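Trainee: Chain by chain, the residues:
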Amino acid sequence: MKRLLTVAIALLVSQAALAGIKIEHWMTPSGARVLFVESRVLPMLDLRVDFAAGSMFDPEGKSGLAALTRGTLDLGAGKFDENAIAEQLADIGASLGGGADTDRAGISLRTLSAPDKREPALAILNSVLHAPRFDAAIFAREKARTIASLKEAMTRPDSIAGKAFWAAMYPNHPYGHQATPESIAALSRNDLVAFHARYYNAANANITLVGDLSRADAERIAEAIAAGLPKGKAATLPDAPRLPDWSHVNIPHPASQSHIYIGLPAIERGNPDYFPLLVGNYTLGGGGFVSRLMKEVRDKRGYAYSVYSYFAPLKQTGPFQIGLQTKRSQARDALKVTREVLTGFLKDGPTEEELAAAKANLTGSFPLRLDSNKKILENVANIGFYGLPLDYLDQYRAKVEAVTTDDIRQAFARRVRPENLITVTVAAD
Amino acid sequence: MRLKYLLSVLLAAGLSTAAFANPYETTLKNGLRIIVKEDHRAPTAVQMVWYRIGSTDEVDGASGVAHVLEHMMFKGTPKVGPGEFNKRVAAAGGRDNAFTSRDYTAYFQQVPKEKLDDVMALEADRMRHLNVDAKEFAQEIKVVMEERRMRTDDEPQSKLFEQMNAVAFQAHPYRRPIIGWMNDLETMTAADAKAWYDTWYVPNNAYVVITGDVDHKEVFALAEKYYGPLEGRALPPRKQQIEPAQEGTRQLTVKAPAELPVLIMGYKAPVLRDIEKDSDPYALEMLASILDGHDAARFNKKLVREDKVALSAGVDYDATARGPGMIYLHGTPSEGKTVGDLEAALRAEIARVQKDGISEQELKRAKAQLIAGQVYKLDSMFGQAMEIGQIEAVGLPYQKLDRMIEKLQKVTADDVQAVAQKYFNDDTLTIGRLDPQPLDGKPRRPAVATRH
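Heads up: the protein sequence lines correspond to chains A and B, in order.
Going by this note's numbering, the first residue of the first sequence is number 1, and it counts up by one from there.
Going by this note's numbering, the first residue of the second sequence is number 1001, and it counts up by one from there.
If you are wondering where the hints come from, they were derived from the structure by calculation, not from laboratory data.
Being a predicted model, the structure only gives us computed values, none of them experimental.
Incorrect hints may have been included.
Some but not every residue of chain A turned toward chain B, in silico, with C-beta under 7 angstroms [claimed, not checked]:
| id | residue |
| --- | --- |
| 1 | Thr155 |
| 2 | Ser159 |
| 3 | Ala255 |
| 4 | Lys347 |
| 5 | Ala360 |
| 6 | Pro367 |
| 7 | Asp371 |
Note that CB positions come from ideal geometry on N, CA and C, so glycine has one too.
Chain A on its own, in the form it takes in the complex:
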């Protein structure tokens, strides 16, 4: 009965407070950064812990270590073996998620917020974070599975193209290093233990909580997570990527379609050029069905089902990327049209009309970016991990509105220089 009332009252309160997302922020005594959004409508909690422990921190010659460390983390920890973790989470309807990308390794938890579900779920999460076993037999098994899936990926034209693209964009930076069956085969259990000890620490952690929780509970939960981690020190970044020289890598493959990527390292998170690039790219290839690339490559010529461009800002200079797939016999023609669209855009930028359309969509669609706990979690975790201003979401629309066609031309001229563009084609005739 009490529970019913709480739910009913919570519903009213939160409905009155829709204006913006209120992010609370603090540091735990042990040095972890915490971001919290209270959302009482649904009786559930989403939580994630991100560490600067992505593949960019793979030591030389040990590519794939970050991913395998994260992948093995929840396969046995503390008093729970790997099956106990999965079974006990399922018993309370909770689940763990997350993974490793170039920059971060994250672990997420979704659970019902009732304490008799939440607390056991958190106990498992804390074990996984604080006391992973890295059991030798499980490590050997996961290594074999990883090698098998890498070998499979090396037969897929999209994976081949993606790996070659990153390798060519970042010849002298960890972003360009790829896990291979050989690099995985050379990893030892000690490598995982050492990587975990170095990077899974409080100073290197960002904790994000969204859901049916009080501030006091959020503080207690975050502190329990952080206190069990070594205090440690934050990760140190490698030297910034250097720009590559123009090149075109062509790789043969028997597929019926050619996969084409064009791009270069362009921008890091938090750089003020991001907004002009974001708004400009909407017109070039970001705006779904209404971009210039879509119009020229798909609508007018029927060359591709999917064609897009985007900027992916990372901790260090992240890529600008154009991608498409087309029948192998017309790969040259499709590539030519794509390049012409890019060249034209770099020269003239968007028209005033295109700029207005871009702004209308990017500002108008803003509420869609935040209409579920899942989306809020993702946005807020990004703010925390990348150290963006806490009012980033509040400022978003104003920053988009402030962009001019000149800003876009200049930002593209700075960030997308033709002499540094990499092109990768796989299965092109």
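Fit chain B to the given chain A structure using the hints.
Mentor: Below, chain B without anything else, positioned relative to chain A:
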């Protein structure tokens, strides 16, 4: 104790919506049903228009036309020029797309709530006034062929699944791929697409599902304004097509450039026709959950983790469909193991359920996941609209969604054992194998050894 508490949470979540008799429904004079589920968590709305028409309604030689028409729906009407639909949705700050399945074709927009009016006007316009222009068609059919290359021709697993269905079903139209055979796409004309549209795109063959921060009375008024004037028309009779009973195992192999073999074992299985009277589909759903519902469910625990016979193993079963159903077991063998080893292992797991049944704890676990899922699904407005749309598409009433959950909660361990005994029958089995081929036609280099 635990279960009781879970039920009270579920009840609470249900109550906050049930108090408003949510969802709401009305039917316009032309036969179009409007279903509105109010959800005031965020100032957004989702509109989905569902047509009761999918690839299952196609005929030989015209496979893929349902999906091609879905593409053509963005190519303009007398009022809204080619490409203009997407432009207007984008200008409204919205996102839109569409999808075609065997059983239905659906179109959707996610928008800030103030823009629902605009996208309702747009959907109503193209429900009856589409131009199927021959020039636009000539470009768009190429796009669809590229889509087929991307999704199927260069995807060994999709190709295997396509061939599986072509073998498992011989008479029923589920044997044809949704995207269509390449040759059918090559010979398709604008007139084929136009005929499809003229026959099936009428308000009495559709329903609209709207979720979000809206007032249902206002939505009903907008629906009357935009969709109300459209004329309904009688639909051609649809003849029921029944797949003849399968009498013996069928086997097929697909060769494709790949590293790893894949095995799929598909058994004919029932689907839900009567929410109250049927019981086997519920038990099959619980069985699927017990075999593959979480990382320590039987398949992963035994085949991947303990015996290491598989790199991955899973179960696919969908209890709802207009046509016949199947339950699929699938997986990839570990290095040094064959698809034969994997097949034996999958069979042994099924035999274990047939002989020894399942534990109460396993069943309870599957039910706990189900109940939590009822809370989590409310986090997505789009997901809620999808749920209503999909259940209606197979002819079951969305009002019974909660009843389906209750029926699932009532499944017993004996029920699960009984369906395992009843449906995993070799006579209705189709086995598909992906035989991986080297990319360059040359023998593979030696495998990398794993150090232990």
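Trainee: Work down the list of hints and note, for each, if the structure agrees.
Mentor: Against the structure, the hints come out as follows:
no., hint, verdict
1, Thr155, "5 angstroms, holds"
2, Ser159, "11 angstroms, violated"
3, Ala255, "5 angstroms, holds"
4, Lys347, "24 angstroms, violated"
5, Ala360, "5 angstroms, holds"
6, Pro367, "5 angstroms, holds"
7, Asp371, "4 angstroms, holds"
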